[in-house]
Amino acid sequence: MNQVIRVSLPRRMRIRQKISSTFKWTFFGFVVFLVYFPLIIITLQSVNDSATGQSFMGFTLKWYVKMFENDQLMQSIYITVTMAIFATLISVILGTFASIGIHSLSSKQRKRAILLNNVPVLNADIVTGVFLMLMMQGVSLLIPGIQVFGYFSMLFAHIFFCTPYVVLSILPKLNEIDSNLFDAALDLGCRPQEALKKVIIPSIKAGIIAGGLIAFTMSIDDFVISYMTSGNGVLNFSMWLYSIKNPFRNNAMQLASAYNTIISVGTLLVLIIYNFLKARKKKGVS
Amino acid sequence: MKKYVAVLLILISGLFLSACQRGPALYVLNWSEYMSDDLIAQFEDEFGVRVVLETADTNEIMYTKIKAKTTKFDVAIPSDYMVHKLYQEGLLVEFDRELLPNYQSSLFDDQLETLRADYFEGNIAVAAPYFWGSLGIMYNTSKVGLQDLVESHGWDVFFDAELTQGYKVGMYNSSRDAIAAAELYLGYDLNTTDDAKLTEVQNLLKDQSYHTWGTDNLKTMVSEGNLDIALIYSGDFFDILYATMEDNIDITYDMFVPDINNVWFDAMVIPTTSQNQELAHQFINFMLDPDNAYQNATEIGYCPALKSAYQAMVADPDYTDIIADYPYYPGTISQGYVYRDLGPTIYQRFEIILVNAKG
Numbered sequence: 001m002n003q004v005i006r007v008s009l010p011r012r013m014r015i016r017q018k019i020s021s022t023f024k025w026t027f028f029g030f031v032v033f034l035v036y037f038p039l040i041i042i043t044l045q046s047v048n049d050s051a052t053g054q055s056f057m058g059f060t061l062k063w064y065v066k067m068f069e070n071d072q073l074m075q076s077i078y079i080t081v082t083m084a085i086f087a088t089l090i091s092v093i094l095g096t097f098a099s100i101g102i103h104s105l106s107s108k109q110r111k112r113a114i115l116l117n118n119v120p121v122l123n124a125d126i127v128t129g130v131f132l133m134l135m136m137q138g139v140s141l142l143i144p145g146i147q148v149f150g151y152f153s154m155l156f157a158h159i160f161f162c163t164p165y166v167v168l169s170i171l172p173k174l175n176e177i178d179s180n181l182f183d184a185a186l187d188l189g190c191r192p193q194e195a196l197k198k199v200i201i202p203s204i205k206a207g208i209i210a211g212g213l214i215a216f217t218m219s220i221d222d223f224v225i226s227y228m229t230s231g232n233g234v235l236n237f238s239m240w241l242y243s244i245k246n247p248f249r250n251n252a253m254q255l256a257s258a259y260n261t262i263i264s265v266g267t268l269l270v271l272i273i274y275n276f277l278k279a280r281k282k283k284g285v286s
Numbered sequence: 287m288k289k290y291v292a293v294l295l296i297l298i299s300g301l302f303l304s305a306c307q308r309g310p311a312l313y314v315l316n317w318s319e320y321m322s323d324d325l326i327a328q329f330e331d332e333f334g335v336r337v338v339l340e341t342a343d344t345n346e347i348m349y350t351k352i353k354a355k356t357t358k359f360d361v362a363i364p365s366d367y368m369v370h371k372l373y374q375e376g377l378l379v380e381f382d383r384e385l386l387p388n389y390q391s392s393l394f395d396d397q398l399e400t401l402r403a404d405y406f407e408g409n410i411a412v413a414a415p416y417f418w419g420s421l422g423i424m425y426n427t428s429k430v431g432l433q434d435l436v437e438s439h440g441w442d443v444f445f446d447a448e449l450t451q452g453y454k455v456g457m458y459n460s461s462r463d464a465i466a467a468a469e470l471y472l473g474y475d476l477n478t479t480d481d482a483k484l485t486e487v488q489n490l491l492k493d494q495s496y497h498t499w500g501t502d503n504l505k506t507m508v509s510e511g512n513l514d515i516a517l518i519y520s521g522d523f524f525d526i527l528y529a530t531m532e533d534n535i536d537i538t539y540d541m542f543v544p545d546i547n548n549v550w551f552d553a554m555v556i557p558t559t560s561q562n563q564e565l566a567h568q569f570i571n572f573m574l575d576p577d578n579a580y581q582n583a584t585e586i587g588y589c590p591a592l593k594s595a596y597q598a599m600v601a602d603p604d605y606t607d608i609i610a611d612y613p614y615y616p617g618t619i620s621q622g623y624v625y626r627d628l629g630p631t632i633y634q635r636f637e638i639i640l641v642n643a644k645g
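Going line by line, the protein sequences match chains Y and H.
Residues in the first sequence are numbered consecutively from 1, following the working numbering.
Residues in the second sequence are numbered consecutively from 287, following the working numbering.
Check the hints yourself; a few may be wrong.
Said to hold, decoys possible - Below, computed lysine to aspartate or glutamate pairings styled on EDC-like, alpha-carbon distance capped at 20 Å:
1) H:K644 x H:D502
2) Y:K245 x H:D463
3) H:K454 x H:D442
4) Y:K245 x H:E380
5) H:K353 x H:E380
6) Y:K66 x H:E585
7) Y:K245 x H:D502
8) H:K289 x Y:E194
9) Y:K245 x H:D442
10) Y:K66 x H:D533
11) Y:K62 x H:E637
12) H:K371 x H:E585
13) Y:K197 x Y:D178
14) Y:K173 x Y:D183
15) H:K351 x Y:E194
16) Y:K62 x H:E532
17) Y:K66 x H:E380
18) Y:K245 x H:E585
19) Y:K66 x H:D324
20) Y:K66 x H:E637
It should be emphasised that the hints constitute simulated quantities derived from the structure, not laboratory data.
Predicted model, so just to flag it, every value in this text is computed and none were measured.
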């Protein structure tokens with residue numbers, strides 16, 4: 001005989017709850033506003049049929065077409081995207097092996113290795129950028145005649161700052177899996193490479209994917225380190241945007257807005273599809 | 287797994303292919319959107335080279351880029367005072383006149399030539415002018431009587447609060463330019479380093495209370511009607527003017543260029559970092575060709591340094607009205623001062639003056 005006992009809260013408490021709920025929603029609304037308002041403005045500007053962008057003068061998609069006619073912009077987008085892909089791939093590979101290695105160290109050594117890994121993460125971008133530049137300057141002094149700065153120096157720098165994030169996102173996954181898993185695989189007849197490939201890597205897949213995503217987003221919007229380590233006309237998008245002296249020249253502002261909108265919408269679509277697939281998969285399992 | 291390795295290999299080979307571009311290259315350091323793309327393509331075809339363009343948004347960044355040597359620039363286009371600074375530090379190559387058949391003093395505007403003759407010694411041997419212009423006063427034409435006020439009082443509008451009562455005045459948030467306006471008002475040389483004069487400038491700026499201290503936003507504010515008077519560079523004025531014309535909306539602003547004024551010019555120079563000086567000379571010679579300079583100017587819209595290019599602009603149906611209606615040609619200035627490099631101590635002083643004025 002279960003009897004539901006209704007407890008009515010004292011009035012004062014109810015008021016308090018009401019206030020806290022109002023506060024919660026206002027705060028939530030404020031945060032959403034702060035995060036999404038700039039995106040809305042950029043999206044509006046990208047479809048605004050105006051060269052000055054001072055008022056909304058009608059809907060147009062011409063900036064999305066013009067974007068592809070601006071060689072400098074297209075080149076910088078090409079560099080940004082390819083650089084993000086390569087930096088992600090290479091740093092994921094390096095980071096996976098590095099984190100497996102770090103994980104198998106003794107506890108004291110592991111702590112030291114993690115500390116070393118965290119230094120580039122915590123370091124200010126400008127410091128990382130300047131010291132990478134100085135290092136590359138040194139290389140160019142050692143080997144005269146070589147053109148150090150350009151696509152590869154920038155790629156190197158991107159791998160440099162992406163890898164620690166990959167390590168950071170994989171290590172917790174490695175801690176989660178059973179420490180005897182590797183030995184068990186060997187006992188069941190796996191060669192060490194196979195055990196790594198078939199057992200360890202699949203069980204830390206989520207961490208690898210998360211690390212890759214972080215690396216990709218870090219690389220695609222980096223400015224400071226790229227600015228320091230690039231040269232010889234290799235510009236990524238943020239450097240192109242920064243070098244615009246005048247937003248009214250050749251509609252630089254509108255073209256940049258169009259690119260940003262594409263990136264935002266693309267990210268949103270990827271997230272929606274990812275969550276959709278995930279939800280469907282879960283349903284299929286249960 | 288093999289599949290992944292194959293995909294990876296393809297991607298990496300793609301990377302190498304994309305990064306390797308063959309042929310000799312000419313590295314040019316320029317302002318963004320400051321040179322006709324068609325002309326660059328034409329030069330590439332004619333000389334069988336690749337032009338690699340890098341851009342900067344301030345003279346100081348140009349200076350660091352040249353000094354950092356991450357890119358070994360063959361040609362750069364800094365402004366007057368930065369040319370002076372680079373020259374003083376021995377970072378510029380003296381032109382080989384035999385490689386520059388187009389580079390003759392009769393080629394350039396007479397007024398500009400006079401200014402260059404008075405400019406730092408040796409500038410003619412290292413720098414070939416590109417575009418030029420002046421400072422100006424941008425004002426809101428929808429305010430009745432403001433045009434008369436600006437035109438009859440010139441620089442006074444920034445320093446006589448009684449004149450501009452009820453108007454919103456904007457000043458350039460850059461020490462050199464704000465101080466230049468004060469010096470023009472007081473009638474001093476813009477390159478003065480005289481302590482007493484600078485103190486006077488400091489006190490004058492300190493006594494003003496401007497509605498806005500801004501840079502690029504000043505012109506936008508005047509064009510939107512949120513500001514009535516602002517200090518502006520002629521180049522910036524034409525940028526916003528062309529954008530407004532493209533929008534086909536009413537132009538509610540104009541620029542007045544006082545007779546005693548700062549004159550700026552951007553010039554092509556060859557930094558000592560150049561690895562291919564002959565090609566650099568050929569590029570400058572190409573840009574100094576009257577037809578090319580005219581084509582360049584029609585695309586960029588600033589006043590070309592070449593006499594013949596300017597005359598062609600006047601006759602160009604796209605520009606005739608603009609040149610007649612707006613102060614396009616800076617040669618009407620009777621007393622022009624070109625900025626020189628004044629050295630770090632004076633610049634520090636300038637910064638202090640600006641901070642005091644804003645505080």
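Here is how each hint holds up against the structure:
Of the supplied pair hints, the one linking K644 (chain H) and D502 (chain H) holds, its CA atoms being roughly 17 Å apart against a limit of 20 Å. At roughly 17 Å between alpha-carbon atoms, K245 (chain Y) and D463 (chain H) fall within 20 Å of each other, so this suggested pair holds. Taking the CA atoms of K454 (chain H) and D442 (chain H), the gap is near 14 Å; set against the 20 Å cutoff, the hint holds. About 28 Å separates the Cα atoms of K245 (chain Y) and E380 (chain H), which puts this hinted pair outside 20 Å; it is violated.
In summary, the hint linking K353 (chain H) to E380 (chain H) is supported, as the alpha carbons are separated by about 18 Å, within the 20 Å threshold. Distance check on the hinted pair: K66 (chain Y) and E585 (chain H) sit about 17 Å apart at the alpha-carbon level, within 20 Å; holds. Among the hinted pairs, K245 (chain Y) with D502 (chain H) is consistent with the structure: their alpha-carbon atoms are about 9 Å apart, no more than 20 Å. Under the criterion of a C-alpha separation no larger than 20 Å, the hint pairing K289 (chain H) with E194 (chain Y) is consistent with the structure, at around 16 Å.
For the hint pairing K245 (chain Y) with D442 (chain H), the CA-to-CA distance comes to about 29 Å; that exceeds 20 Å, so the pair is violated. Taking the CA atoms of K66 (chain Y) and D533 (chain H), the gap is near 16 Å; set against the 20 Å cutoff, the hint holds. For the suggested pair K62 (chain Y) and E637 (chain H), the alpha carbons sit about 43 Å apart, so the restraint of at most 20 Å is broken. Of the supplied pair hints, the one linking K371 (chain H) and E585 (chain H) is violated, its CA atoms being roughly 30 Å apart against a limit of 20 Å.
As the CA atoms of K197 (chain Y) and D178 (chain Y) are separated by approximately 16 Å, the hinted pair is consistent with the 20 Å bound. A C-alpha spacing of about 18 Å is found between K173 (chain Y) and D183 (chain Y), which places the hinted pair at or below 20 Å, so the restraint holds. At roughly 50 Å between alpha-carbon atoms, K351 (chain H) and E194 (chain Y) are farther apart than 20 Å, so this suggested pair is violated. As the CA atoms of K62 (chain Y) and E532 (chain H) are separated by approximately 14 Å, the hinted pair is consistent with the 20 Å bound.
Proximity of K66 (chain Y) to E380 (chain H) is assessed by CA-CA distance (about 41 Å); at most 20 Å being required, the pair is judged violated. Restraint check for K245 (chain Y) and E585 (chain H): the C-alpha separation of about 17 Å stays at or below 20 Å, so the hint holds. Simply put, K66 (chain Y) and D324 (chain H) have alpha-carbon atoms about 16 Å apart, close enough for the 20 Å limit, and the pair holds. Under the criterion of a C-alpha separation no larger than 20 Å, the hint pairing K66 (chain Y) with E637 (chain H) is inconsistent with the structure, at around 41 Å.
The structure fails to meet hints 4, 9, 11, 12, 15, 17, 20 from the earlier list, while all remaining hints are met.
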